[in-house]
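Visitor: What follows is each chain in one-letter form.
Protein chains: 2
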Amino acid sequence: MRNLLFFGVVFLLFSFGKKENGNIIKVNNQEELKSAIKNAVAGEEIVLANGVWKDVQIKFYGKGTKGAPIVLRAETAGKVTIEGVSDLKIGGTYLEVRGLYFKNGYTPSNTVIDFHIDSKTIANNCKVYDCVIEDFTQLNRNKEDHWIEFWGRHNQLDHCYITGKSNSGPTILVALKGNEHINNYHQITNNHFGPRPRKGGPHGETLQIGDSNTSMAPSYTNVANNLFERCDGEVEIISNKSNNNEYRNNIFYKCEGSLVLRHGNYCTIDGNMFIGDDNSEFMGGIRVINTGHLITNNYFYNIKGKEFRSALAVMNGVPKSPQNRYNQVTDVVVAYNTFLDCKTPWQFSVGANMDKSDVLPAQEIRSARPERMIMANNIIFNHVADEFPIKAYDKVDGVLFKNNSMNGANKSEVKDDGLKTENLAMFKLSEWLYVPTVDQKEVYAGFEFENIKQDVFSNSRATTNGMGAIVLPVDKSKGAINKKAYGAHWFSDETVYETPKTIRVASENELTAALAKATSGTTIELKKGIYRIAASLIIDKKITIKSKDQKNRATVEYSGKDNTSAFLMGAKGNLTLENIVLKGGNGQHAFATKEKEMFSAYNLKVKNTEISDFDCVLNAYKDSFADTISIDNTVIKKCKRGLKLADENDDLGEYNAEFVYIRNSKFENIQNNILDYYRGGYDESTIGGNLVFQNNTVVNCGKEEKSGVLIKTTGIVNVEISKNSFLNNTIKFIAILWGEKNQEPKENSIKNSGEFKIEQNLKQKMMY
Amino acid sequence: MRNLLFFGVVFLLFSFGKKENGNIIKVNNQEELKSAIKNAVAGEEIVLANGVWKDVQIKFYGKGTKGAPIVLRAETAGKVTIEGVSDLKIGGTYLEVRGLYFKNGYTPSNTVIDFHIDSKTIANNCKVYDCVIEDFTQLNRNKEDHWIEFWGRHNQLDHCYITGKSNSGPTILVALKGNEHINNYHQITNNHFGPRPRKGGPHGETLQIGDSNTSMAPSYTNVANNLFERCDGEVEIISNKSNNNEYRNNIFYKCEGSLVLRHGNYCTIDGNMFIGDDNSEFMGGIRVINTGHLITNNYFYNIKGKEFRSALAVMNGVPKSPQNRYNQVTDVVVAYNTFLDCKTPWQFSVGANMDKSDVLPAQEIRSARPERMIMANNIIFNHVADEFPIKAYDKVDGVLFKNNSMNGANKSEVKDDGLKTENLAMFKLSEWLYVPTVDQKEVYAGFEFENIKQDVFSNSRATTNGMGAIVLPVDKSKGAINKKAYGAHWFSDETVYETPKTIRVASENELTAALAKATSGTTIELKKGIYRIAASLIIDKKITIKSKDQKNRATVEYSGKDNTSAFLMGAKGNLTLENIVLKGGNGQHAFATKEKEMFSAYNLKVKNTEISDFDCVLNAYKDSFADTISIDNTVIKKCKRGLKLADENDDLGEYNAEFVYIRNSKFENIQNNILDYYRGGYDESTIGGNLVFQNNTVVNCGKEEKSGVLIKTTGIVNVEISKNSFLNNTIKFIAILWGEKNQEPKENSIKNSGEFKIEQNLKQKMMY
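Top line first, the protein sequences correspond to chains L and U. Quick note on our numbering: the first sequence kicks off at 32 and runs consecutively. Quick note on our numbering: the second sequence kicks off at 32 and runs consecutively.
To be clear, the hints were calculated from the coordinates, so they are not data collected in a lab. Do not rely on the hints blindly, as some may be mistaken.
Unchecked claim - Derived lysine to any residue pairs resembling SDA-like cross-links, with alpha carbons at most 25 Å apart: (1) K97/L <-> S643/U; (2) K772/U <-> R694/U; (3) K351/L <-> E778/U; (4) K668/U <-> E778/U.
Modelling step: build the complete structure from the supplied sequences, incorporating the hints.
Guide: Have a look at this one:
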C-alpha cells in the first residue's frame with residue numbers, strides 16, 4: 032500500500048512537473064509560501080499574491096531542471112512589494128524569481144537577494160528576473176551589506192532595476208570563496224543600475240567581482256548590455272577583482288567613477304560606452320591594473336576626469352606587489368577604441384609615486400611601469416583641439432603604439448610613430464554619439480587581433496574594418512539610449528513632474544504645521560516677523576524656507592535646549608534657507624544632522640541669510656553625509672564654532688560631506704574654527720571631499736581655537752581657498768594645505784591673521 | 032614567362048610538399064644546412080649527415096603544416112652529435128627535430144634548444160623528439176643557462192633523455208612573458224630526466240614553468256609520463272610558477288627534492304609516483320602553496336623528508352603576500368593518495384615562523400594557515416608503525432578531513448573524525464610497490480570528486496572505487512619501471528661495468544705517469560718511500576691513491592710554489608687518498624680546486640692519512656662545488672688553517688660543498704680555524720650544507736684565528752658536532768650554532784678551549 036502511494040505521488044509529481052501544464056500554487060502569506068517551497072517540484076510556479084509582504088525572510092530552495100525550473104513570482108509583476116525587514120535567499124538548481132519589488136525597508140541579514148542560503152545550499156543555474164530593488168538601504172550608512180550576492184555557478188540577474196543604495200558595501204558582490212563558486216559564468220545582463228548616490232568614502236561600488244583574497248580565481252562572470260546611470264557611489268563603479276570576467280556592451284551614463292580592473296587578470300572590456308558630462312571631472316572611463324586585459328571597441332564621450340579618473344588610466348604597479356596593492360600592468364591590449372571630446376584621455380603610469388619613498392613603505396611605491404602593452408587602432412578626436420591627449424607620470428617605455436590617430440597636434444611628451452595627427456572628421460548622430468565620416472582603414476594586425484570581429488555596435492569588422500570603436504555604416508537609433516531595453520519591464524524611473532507648492536505662513540504654529548504637511552518640493556514663505564521656535568524643525572524632504580519679502584526678512588529665533596538645533600536634517604532632507612535671520616541662544620546649533628538613521632544624504636543651501644548666537648553653525652554627526660552644503664551671501668557671527676564636518680574619525684576613508692561651497696559670505700566673531708572638514712585614512716584609490724571657500728570675509732575669528740587652525744581641511748582632496756579677506760583673526764594658521772594635491776591659497780588678502788601652511792605629504796593612517 | 036616560372040615553382044613545391052613523397056634533403060655541413068632551412072617547405076625532411084657537428088648554431092625556421100611538418104633529423108638517430116659551442120633555436124610552425132645528440136660542449140647563448148629564435152620568430156606546434164642532451168653544461172657552474180626554453184604554444188618535448196646539468200639555471204624553463212606564450216598547452220612527455228647532480232644553492236630545478244613575475248598567467252603545460260631519476264639539483268625538482276599546469280603519471284625516482292607548487296594556482300598533480308630511499312631525508316614529495324590545486328591518485332613510497340621536503344608539505348602563507356613570497360593555501364583538494372612507509376608524511380603550516388617577527392620583515396612572516404582545504408580518501412600505511420603521521424606547525428583549522436585511513440595509531444596533535452586508524456593490509460608487488468589486499472570502499476564524495484575517474488595506473492574508478500591511489504586489481508608489471516618507455520629510443524643510460532685497474536708505482540715519475548694514463552676508477556698503489564712532487568697532481572677523474580702496505584705508508588712531499596696544492600681537484604675529480612703521509616713546505620695547500628672550469632662537482636675522501644706543514648688543508652675556490660668531502664682516521668697538524676669552503680660569498684644561497692664528514696680524526700697545531708664552511712643569503716626555500724664533525728680530537732688550534740671561532744659554519748643548515756674532544760685551543764668559541772635549525776653540540780669534552788654558542792636566529796641577507 033505504501034509503495035503504491037509512493038508510486039502515485041511520484042506519478043503525480045512527474046505529471047505536474049512539466050512546465051506547460053505545471054502546478055501553479057498561489058500563496059497569500061508566509062506560512063503558505065514556506066510550505067509551497069518545501070513541497071515544490073521541478074516545473075512548479077509559486078505565485079505570491081499581490082500586495083505588501085512585510086518583514087519576510089524567504090528561503091527559496093529546491094531542485095528545478097533546465098526545462099522545468101521552479102519559479103517564484105509575483106501574481107502581477109511589480110504588484111508584490113517586499114517591504115520592511117526582509118530578504119530573499121536562493122539555494123538549489125534552476126530556481127527563478129520574477130517580478131518582485133523590494134522597497135520601503137532593508138535587509139536584516141547582509142544581503143537583500145542572495146544566491147546561497149548557507150555554505151551547503153548554494154544556487155546553481157538560478158535566475159532573478161524583472162525585479163526591482165529601490166532604496167532598500169540600511170538606516171545607518173556605515174552598516175555594510177550587499178544587495179545581491181552571487182555564489183555558485185551559472186546564476187543570472189536579468190532585466191532588473193536597482194537603485195538608491197547609500198550605505199556601505201557594493202550593490203552587487205560576486206563571491207569566489209571556494210571552488211563551488213569559481214568558473215561561475217554568472218550573467219548580469221540587461222539591468223538598469225539607477226542612481227547610486229555619492230557615498231563619501233570607500234565601499235560604494237555598484238558591482239564588485241571577487242576580492243583581493245580570491246583575486247587569483249577564474250570567475251568568468253559576464254556583465255553585458257546593462258545601463259549604469261549616475262552610479263556615483265565612489266571612484267569605482269565596477270571593481271573587478273578576479274580573472275576572466277567580461278564587460279560587454281554596457282552603457283555608463285554620467286557615472287562618477289570608472290570601471291576599474293583593480294585585481295585579477297585577463298578580462299575583456301569590449302563595446303562599452305562611457306558618457307561623461309561637460310561639468311564633471313569625476314566621470315571616468317577604465318582604470319587598468321594587472322595583466323592580460325583586452326580593451327576593445329569602447330566609446331568614450333566627454334570624459335573629463337584625470338589621473339585615477341581619466342578615460343584610460345593605466346597605472347604604475349608596485350614591484351612584486353602584495354596581493355592587495357597594485358600589480359604591474361603587463362600584456363594589456365587596448366585596440367579599436369574611440370575617445371571623443373575627452374580631456375587628456377590617455378594617462379600612463381597613473382599613481383607613480385617614487386618621490387614619496389620617504390613617507391611611504393616600500394610596498395606602497397608604484398614604480399613598475401606598464402610592460403608589453405599594445406595601443407593600436409584607436410582614435411582620439413576633439414572638436415576643440417586637445418594638444419595634450421596623453422599624460423605620462425613616468426617613462427613610457429613598455430607600450431607599443433601602432434596606428435593610433437588623433438585630430439589635434441600632440442604636444443605631450445609621449446611621441447611615437449604609432450601616434451599620428453591626421454585629418455579626421457566626425458558626424459554628429461546624437462548629443463553624445465559622433466561617428467567617423469569615413470573609416471580609417473589602415474589598421475594594425477596584432478597578435479590575435481583577428482578575434483576582434485565586431486565594433487561597438489556589434490557590426491562586423493570582416494568586410495569593412497576601420498580604426499576606432501565604430502565602423503560604418505551606423506544606424507541612427509544607436510544615438511539614443513532605449514531605456515525600455517534595460518531593467519524591469521513594468522517599472523519606469525521617470526518621475527512625474529509636480530508643480531511646486533508654496534505655503535505662506537505668518538506665525539510659529541503655521542510654520543511648524545506647514546512643514547509637517549508639506550510634500551517634497553514645497554516652498555514655505557515667511558511673512559516679516561519673529562518666529563520663536565522651541566523645538567527643532569525637522570527637514571526630511573525637499574523644502575525651501577524663505578522670507579516673502581527679501582527686503583523685510585523674517586527672523587527665526589530658536590530657543591530649544593542646548594545641543595539641539597534649529598533645523599534638524601534627516602536622511603534625504605534638502606533644505607534651502609533664503610533671506611532669513613536665524614538667531615540662537617548661544618548653546619544650540621543652527622543646523623545639525625540626526626544622530627541616527629542618516630541612511631541617505633542630505634543637502635543644505637543657505638542664501639542671503641544671517642546666522643548668529645549659536646554654539647555650532649552646523650553639527651554633522653558621525654554616519655551622516657551631506658551631498659552638497661552651500662552657503663552664499665550669508666553673514667555668520669557670534670557663534671562658538673562654524674561648520675563641523677569631522678565626526679567621521681575612524682580613519683577608514685569616510686567623510687561627512689562631498690561638496691562644501693562657502694562663497695561671498697562673512698564670518699565674524701566665531702570663537703573657534705570656522706570650518707572643520709575631515710577625511711582620515713590612507714588609500715589613494717578612495718578620493719574625496721571638495722571645498723570651495725571663496726570671496727568671503729573672515730573677521731575676529733579663531734581666538735579660542737586650540738588647534739591653531741582657522742579652516743581645518745585635513746585629508747580633504749580638493750580644496751580651493753581664494754579671494755578671501757582675513758582680518759584680525761588671532762590664529763597661527765588660516766589653513767594647512769596638502770601640497771601633493773596641488774592645494775595652494777590664491778589671491779587672499781591677509782591682515783593680522785596668521786598664515787597659510789603647505790604640507791607636501793600628509794601622514795595618514797593606512798586603511799588596510 | 033616569369034609568371035609561368037612562378038607557377039612551375041609553386042607546382043613543384045606543392046607536389047614535393049607532401050610528407051609521403053616529400054623531399055629529403057641531406058646536408059653535410061653548416062652551409063648546406065643553412066641553405067636547406069632557408070628553402071625548406073612544408074613536408075620536407077632535412078637530414079643531418081652522421082658524424083660530429085661541432086660549434087654549430089642552428090636556426091631552424093619555416094612553416095610546416097599539421098599534416099606536413101618540416102623535419103630536421105639525424106641521418107641515424109643518435110649518430111649525429113652536436114658538440115662544442117653549439118645550440119639550436121626553433122621558430123615557426125610545425126617544425127620537428129629528431130634524433131640529435133648534444134654532448135661534449137655547451138651553449139654559447141642562454142639555451143641549448145630554444146622554442147623561439149627571437150621575439151618575433153616563435154615556435155608554435157613544434158616538436159623535439161628522440162634527442163639526448165648529456166652533460167652539455169657550462170664550464171662555470173655559476174654561469175646560468177636553460178637547456179630547453181619553451182616559448183609560443185603547443186610545442187612538445189617527447190621521448191628525450193636529458194642529464195648532467197650542473198650549472199645554474201633550471202634544465203627546462205617554460206617562459207610565459209607575453210600573450211603569445213600563455214595558454215600554451217606545451218607537452219613534456221615520455222622523457223627521461225636522468226641524474227642532475229646537487230648544485231649547492233638555488234637555480235638547480237629540472238623544470239620551471241613561469242616565474243613569479245608571470246605567475247598570474249594561464250599556462251596549461253602538460254608534464255606527463257616522464258621519469259625523473261635522481262634529479263638532485265636543488266630542493267625543487269619542479270618549480271611550478273604559473274596556472275593550470277598538469278603533472279600526470281610521472282615517476283620521481285630517488286630525487287632529492289619535491290614537486291613544488293611555488294607560484295600559480297589550479298594545477299593538477301595526478302597519478303604520480305614519488306619513490307624515496309631508506310637513507311635519505313632529502314627526497315620529498317609535493318609542496319603546496321597557493322590556491323585551487325587538485326592533488327589526486329599519487330603514490331608516495333619511502334619518503335623520509337621533513338618540513339619543506341615532506342611527502343605532503345602544506346605551507347603557511349604570508350597574509351596579502353608579495354608576488355614573490357608565499358600565498359596562502361586555499362581551496363586545495365588532496366584526495367585518493369597513498370603514503371606508504373613515509374615518515375610523518377603530512378605536514379601542515381610548514382614554514383610557519385610567527386616567532387620570528389622580531390628578526391624578519393612583516394612580508395616574510397608566514398602566518399596565514401591553509402583554508403578551505405580538503406583531505407579525503409587518502410591512505411597512510413607504514414610497515415613499522417608511525418604514530419606521528421601528521422605534523423602541524425600551526426593550528427589546523429582550515430582543513431576538512433574526510434575518510435582518511437591509517438594503519439597506525441595517530442598520536443599527533445591533529446585528530447579528527449576524518450582520520451581513522453584501521454586494519455589495513457598491503458601486498459608487496461615489488462621493491463617499492465605495495466597494493467591493498469582489498470579496496471577500502473567508503474569514499475567521501477566531495478565537490479567535483481566525480482571527475483576523479485581513474486587511479487594512479489589509469490584504472491577506472493567507476494565500477495570498483497576505493498581509497499588511496501590504487502584500486503584493485505593491479506597488473507604485476509606496474510611494480511617495475513620500464514625504462515624503454517622513457518627517453519630516446521636509441522640511448523641507454525646503463526654504464527658498462529669495467530674491472531677497476533690497479534697501477535703500482537715506486538717513484539715520483541711513475542706516479543705522475545700513472546696518474547696521466549689512468550682511466551677513471553683506477554687505483555694507484557705506492558710502495559713505501561718518499562715521493563717528492565714539485566707540480567700539482569691533477570685529479571679530474573675517479574682515482575684512488577694509497578700505500579701498498581698500510582703499515583709502511585708512503586710519504587708524499589710537496590715542494591711546489593706557495594699557494595699551489597699537492598692535489599688539484601678538477602671538475603668530476605674524485606680522489607680517495609688512503610694510508611699516505613702528506614707533507615708540505617708551509618706555504619702550499621694539501622688540496623685545492625681549480626680556479627676555473629669547475630663545471631661539475633668533485634669528491635674528496637681521505638682515510639688513515641697524515642697531513643702536515645701546509646698553509647691550507649683544502650682551499651676551495653669560488654664556483655667550485657664538492658658533493659662529498661670526507662676525512663676519516665686522519666691526523667692533520669702544523670697547518671696555518673684547515674678546510675676552507677667559504678669562497679661562495681655573494682650571499683645568493685650558493686655554497687662550496689654539500690656534505691662534509693670529518694670523523695675519528697685529529698687536528699693539532701692548526702693556527703687559525705680548522706674549518707670555514709659558509710652559505711650566505713636568506714631564502715628559506717633553498718636549503719643546504721651538511722656537516723658531521725664527530726669523534727675528533729682538536730688540540731692546540733685556533734691561536735691566530737681572528738674571528739674567534741674554531742669551526743665556522745655560518746649559514747650551513749645541518750650541522751652535527753658531537754663526541755669530540757677539544758683540548759687547549761686558544762679560542763673564544765668552538766662554534767656558533769644556529770638554534771632555529773635545531774643545532775646543538777652533543778657529548779663533546781671541552782678543556783681549556785672556549786665554548787659553544789647558540790644563536791637562535793641568524794641575520795642573513797635577503798636574496799630577492
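Visitor: Hint check: K97/L vs S643/U, CA-CA at most 25 Å. Holds or violated?
Guide: Status violated; Cα separation ~88 Å.
Visitor: Taken at face value, is the distance from the CA of E778/U to the CA of K668/U at most 25 Å?
Guide: With Cα atoms ~24 Å apart, K668/U and E778/U stay inside 25 Å; holds.
Visitor: Is K351/L close enough to E778/U, meaning Cα to Cα at most 25 Å?
Guide: Judged against 25 Å, a Cα distance of about 47 Å means the pair is violated.
Visitor: Straight-line Cα separation of K772/U and R694/U no greater than 25 Å?
Guide: Satisfied, since the Cα-Cα distance of roughly 22 Å is no more than 25 Å.
Consistency note: the structure conflicts with the earlier hints numbered 1 and 3.
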